[in-house]
Amino acid sequence: MRTFKVVIVMLVIMGLLLTAGCADTEETTEDTESDMIVVGIMGPYTGGAAEYGNAAKDGAMLAFNEANLSNVEVVTEDTKSETKEAATAMNKMVSVDNVQAVVGDLISAATLAAAPIAEQNQVVLISPASTSTDVSTAGDYIFRTIPGDDGQGIFAAQTLSDAGYTKLALLYTNDQYGNGLATIITDEFTELGGEIVADETYEAGSSDMRTQLTKIKDAEPEALFIVSNTPDSSVALLRQVTEIGIDADVYGSEGLKVASILELGDSVEGVTITSVSPESEEFKQKYMEEYGVEPPAFAAQAYDGATAIIMAIEGGATTGEEIKDALYEMEFDGASGHIKFDENGDVAGGYVLVEVQDGAFVTLEE
Amino acid sequence: MILSCKDIHKSFGGIKAIQGCSFTVKKNKITAIIGPNGSGKTTMFNVISKLIDPDSGTIEFDGQDVTSLKDYELSKLGISRTFQDVKLFQNLTIREHLQIALSDSDERLLSNLFRTKDVESEKIQEVMEIVGLDKPLETYATDLSYGQRKLLDLAIGIAKPHSLLMLDEPVAGVNPRLRDSIKNILRELNNRGESILLIEHDMNFVMDLVDHIFVMDAGKVIAEGSPEEIQNDPYVLAAYLGNCGDEEEIECWT
Amino acid sequence: MKNEIKTSLGGKTIALLAQSIINGLITGSIYALVASGYSLIYSTNNFMHFAHGISVVAAGYMVYWLFSLVGIPFYVTCIITVILSAIFGLAMYRLIYLPLQKKGASNVILLIASIGILTFFQNVIQIAFGSGVKLVGYIEVSKGITFAGVTMTLLQIVILIISLIIFILLYQFMQKTKTGRNMRAVSNNSELASIVGINHIRISDISFLIGSALAGVAGILVALEQNLSPFMGTNLMIKGFTGAVIGGINYVPGSIVGSFLLGMAENLGILVLPSGYKDAIAFSMLFLFLLFKPNGILGKKEGRFDK
Amino acid sequence: MIISAYQTHIFILIFIYIILAVSLNLALGYTGLLNLGHVAFFGIGAYTSALLAIEGLPYIAAVIIAGLFASVFGYLLVKATDKLKGDYMAMATLGFSFVVYSLLLNLRDITRGAMGIPGIPKPSILGLTIRTNDQYLIFVMAVCAISVFIMYRMVNSPFGKLLEANRDNAVNLRVLGKNTFALKYKAMMTSAFFAGVSGSLYAHYITFIDPTSFYIAELILILTIVIVGGLASIKGSIVATIVIIYVPEMLKMLELPASVLGPVRQALYAMILIAILMIRPRGIFGKVDLE
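Protein chains in written order, with this note's numbering: chain A, 1 to 366; chain B, 1 to 254; chain C, 1 to 307; chain D, 1 to 291.
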């Protein structure tokens with residue numbers, strides 16, 4: 001008997017919540033009747049990757065504010081870098097807000113969790129930062145404005161090899177991004193005749209890598225390549241590189257390009273980052289005007305993702321499907337470089353080297 | 001002979017709680033262990049019911065060496081015991097307590113999934129009448145008074161299938177009226193043929209109840225015999241009662 | 001030249017080993033600062049105060065705010081921070097834990113409440129200071145001092161010395177003062193302690209005050225040695241907790257020893273194993289210690305049922 | 001379908017977490033095992049089922065093996081921690097969660113480590129493939145109903161009373177001739193089995209898993225559900241699952257400036273949690289206390 005009561009209580013509560021939910025959807029359907037196209041932005045705004053998440057959100061918002069389309073409404077969702085939260089946020093935006101396209105998520109795991117939902121509901125998902133090779137094959141509606149790990153990995157290996165290094169040490173975060181990129185660099189660099197003399201990892205978000213660095217120092221590499229995607233770890237480890245006294249030249253991936261590391265002052269001078277092609281001067285100006293800081297990593301990519309959606313809408317697309325079709329057709333020079341989506345929704349992207357000079361990120365000319 | 005302990009030793013760290021304790025309990029008799037606090041009575045009880053493993057010595061129950069058995073295995077062989085500080089199952093009802101005591105099949109997970117629970121009600125009624133606990137069966141243990149809990153604990157001990165009933169200070173802290181009725185219950189049980197072993201430090205309570213007494217001190221049995229023999233044993237009197245002055249000799253043990 | 005200095009030692013060099021031991025000591029001292037306050041609070045209150053991690057983070061941000069933003073002299077900042085941390089800890093006890101205890105909440109409930117507090121303040125800090133990494137910048141980052149092949153920064157030496165001084169003071173306090181003895185009495189046997197007239201709430205007050213003041217010191221040193229982000233509290237707490245358990249969570253000197261041991265084990269362990277196993281080493285130690293030596297290295301015997 | 005896809009998604013999560021919470025309550029609330037390793041069973045179930053299904057095993061087999069595999073770990077955990085007192089058992093099982101997480105992360109050959117497992121197939125039962133979320137909702141609802149019913153019968157059976165007796169006073173129960181170790185491992189294995197099943201449901205629903213899905217955040221979530229609902233109350237766990245999963249979603253309906261939206265919501269959530277505990281320190285339907 002008590003089970004029965006429990007079930008009844010449960011159903012009543014669910015019924016109530018259900019009506020609340022339906023009321024919400026009705027409202028949004030009214031919105032669509034008035035020709036509003038809803039676009040979402042999602043990413044980690046709390047948790048270890050929040051700094052990147054907020055940068056990407058700012059970048060995308062910049063594009064929407066500029067375009068100022070009367071028929072576009074923007075909603076944001078926090079995904080805390082968690083896969084379940086990403087799936088929930090995606091579902092919420094799809095059915096409550098009735099979005100047609102979303103800029104997000106950053107972490108590959110979150111993008112991969114949200115992708116099936118976007119795909120099934122015919123909603124475009126453009127990630128500004130997920131570089132996992134798995135994202136390429138996640139579906140027709142899944143795009144990204146950042147080239148995949150293979151692109152950056154090959155570029156990094158090539159650069160290091162061209163610079164004449166033969167002994168390379170790798171230090172990377174033990175997550176999807178770090179492992180993915182490290183594997184490709186290792187393969188490529190050994191193919192080019194180099195040797196990986198140290199292969200060390202650390203937990204994302206940890207701030208003590210001294211022994212990893214000690215092992216690296218002991219291996220006497222000519223260059224050290226760092227893959228990091230949480231700012232606190234980036235700062236901590238660059239600092240410890242100096243403190244431990246590693247003589248090797250320090251290189252790093254995209255994730256190191258975050259304003260916080262500049263606060264380390266002299267010790268990060270000369271750190272070289274393999275960055276996807278730099279944001280255009282124009283974008284840099286706009287971003288600095290709006291937010292008062294240099295655009296951090298992924299801001300330009302998010303801006304371009306948003307721009308691509310805006311262009312599709314301006315071209316008359318109103319549904320996710322139409323936006324998707326428009327995206328495969330379009331080609332433009334965005335803030336992060338030339339954007340043309342291939343059949344996987346990936347961009348080719350160009351890479352450049354960015355060096356820290358006099359406390360600022362300076363793009364090196366090819 | 002239902003129970004016999006031979007040369008039990010047990011120490012905790014440096015403290016020797018039991019040092020070579022031996023005694024036997026006869027069938028259909030009430031046997032008491034008396035002795036001052038700290039003499040090792042309760043430790044001995046815990047050793048017999050295997051809550052504590054002895055360092056050395058053997059325990060025989062019903063002619064079988066049970067020294068190496070686990071506590072619950074021994075209990076299944078037919079030892080039932082109560083505790084001095086009654087700790088029941090706070091969140092269970094009287095009925096559930098007695099069902100647990102009576103049932104021998106409730107440990108099976110799958111076969112119990114769809115069983116209705118009300119099977120032992122006759123036996124439950126019977127035990128409740130024996131101990132004279134006049135409370136609705138659905139009362140939770142937390143809602144009972146101390147005396148009622150003592151009775152429920154006794155009822156559980158009786159309900160559990162057993163051939164030896166071990167009671168750890170059954171009347172500690174209860175009022176005189178309840179004390180008398182517990183004494184009567186024990187007599188009644190003995191008349192039905194129960195073998196009972198009890199710990200008590202109140203000599204008056206055991207003198208006209210039990211058949212045989214063991215006196216323990218400092219982890220050893222120092223004397224044994226019928227109540228009369230113990231009362232008149234000069235060794236016991238001299239060594240223990242004598243120390244306490246002339247009056248209130250027995251009370252000083254409490 | 002370099003190759004001459006190196007002496008082979010199972011494929012590793014002595015310099016590498018020595019440096020790793022030093023790394024272990026530095027890591028251990030940070031863990032120990034977190035663990036000592038944590039286990040002080042645990043020993044007298046017997047519940048897991050996971051919000052201790054946020055006391056450390058809050059102290060770090062306080063330094064950042066007072067010193068880097070407001071511009072109060074550094075030593076004054078430190079004093080204010082330690083005092084405010086102590087008050088912060090006391091407030092948590094008085095406003096959250098004590099009312100819950102008075103309503104008969106069990107220790108598990110208090111654990112959940114402490115996680116709630118941790119989450120709340122993490123987010124408040126993020127709202128106030130943003131999600132970015134903050135550096136206090138009191139000390140310029142530079143290459144450490146190399147001595148006999150081992151590199152250490154001045155700050156790290158200072159941290160080690162400060163931790164040692166604090167641990168000695170703490171030990172003296174626990175052993176020599178009346179309050180300290182009362183605290184030990186409560187942690188040994190709280191029932192008996194209340195029978196002999198020790199006021200449990202007062203002892204808890206003091207343990208939260210001192211424990212959180214220690215968190216304040218830890219926060220200052222973490223802010224100087226590493227950097228600040230709103231979400232670092234969880235990580236610090238997990239490692240501090242692990243160190244405390246290994247050494248004996250109920251006994252402050254034990255938890256300090258355990259933390260150093262943990263720091264050493266992590267750093268020496270990854271000389272042999274791939275560095276991805278760093279956390280795995282810590283957690284396996286935690287698990288194995290609880291199974292086979294639940295009272296830790298120095299803790300009092302109480303983790304297991306007596307048999 | 002009459003409900004929106006978002007509602008469907010939330011309901012699916014709720015049903016999955018009901019199984020998870022009720023099964024934790026079985027060990028924690030009813031049996032008195034302070035188990036903070038439940039999230040590890042959840043993860044073991046998810047990984048086992050996902051990997052087997054990708055290998056081509058039928059879904060039914062995968063989910064059952066996932067449950068059984070988790071319950072083997074349940075047995076080992078009880079066996080290992082049997083002699084530990086409450087708090088220490090809590091810490092040891094917390095350590096177990098951490099160890100399992102580290103293993104999922106580092107056994108790359110089996111689990112793909114941090115890369116996670118994408119493209120987990122949707123379940124297919126007796127030739128019927130579950131494609132849409134609406135179908136999945138019906139499926140999890142059925143599994144949830146069966147699981148909760150079994151656990152409900154269990155705690156109300158004579159066996160269940162023994163579990164509660166064990167929580168209240170294990171020594172007393174042993175002198176009544178009950179093998180408390182057997183009781184504990186049976187309870188823990190059942191608990192772990194259902195945690196494994198819910199892990200499988202989770203993996204095949206989200207279709208992507210990685211080790212971070214089975215770490216502290218998740219552990220805190222399920223522990224919170226059980227505590228807020230009340231120990232030894234299945235009803236409490238069900239209601240609390242709905243509340244705890246719904247509150248953050250409700251907070252999403254708040255109009256907040258985008259710059260502080262994440263942290264403000266989480267701070268509010270933490271406040272609501274503390275408030276519930278302050279008002280009802282034993283949880284919404286809890287009567288029972290652990291030592």
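Hints listed in this document are in silico derivations from the structure and should not be mistaken for laboratory results. Cβ coordinates follow ideal geometry from the N, Cα and C atoms, glycine included. Check each hint, because a few of them may be wrong.
As the list claims (entries may be wrong) - Straight-line C-alpha distance at most 30 Å; calculated DSS-like pairs for lysine-lysine:
id : chain 1 : residue 1 : chain 2 : residue 2
1  : D       : LYS83     : B       : LYS87
2  : D       : LYS85     : D       : LYS252
3  : B       : LYS76     : D       : LYS122
4  : C       : LYS143    : B       : LYS70
5  : B       : LYS70     : B       : LYS135
6  : B       : LYS70     : D       : LYS85
Claimed, not checked - Away from chain B, derived, C-beta distances all over 10 Å, residues of chain D:
id : residue
7  : ILE60
8  : ALA142
9  : MET154
10 : VAL175
11 : VAL288
Said to hold, decoys possible - Computed, partial: chain D to chain B, Cβ under 7 Å:
id : residue
12 : THR8
13 : PRO158
14 : PHE159
15 : LYS178
Going down the list of hints, with the structure as the test:
no.: 1; hint: LYS83(D) / LYS87(B); verdict: holds, 20 Å
no.: 2; hint: LYS85(D) / LYS252(D); verdict: violated, 41 Å
no.: 3; hint: LYS76(B) / LYS122(D); verdict: violated, 50 Å
no.: 4; hint: LYS143(C) / LYS70(B); verdict: violated, 64 Å
no.: 5; hint: LYS70(B) / LYS135(B); verdict: violated, 34 Å
no.: 6; hint: LYS70(B) / LYS85(D); verdict: holds, 20 Å
no.: 7; hint: ILE60; verdict: holds, 20 Å
no.: 8; hint: ALA142; verdict: holds, 19 Å
no.: 9; hint: MET154; verdict: violated, 6 Å
no.: 10; hint: VAL175; verdict: violated, 5 Å
no.: 11; hint: VAL288; verdict: violated, 5 Å
no.: 12; hint: THR8; verdict: violated, 32 Å
no.: 13; hint: PRO158; verdict: holds, 4 Å
no.: 14; hint: PHE159; verdict: holds, 4 Å
no.: 15; hint: LYS178; verdict: holds, 6 Å
Checked against the numbered hints given earlier, the structure breaks hints 2, 3, 4, 5, 9, 10, 11 and 12 and satisfies all the rest.
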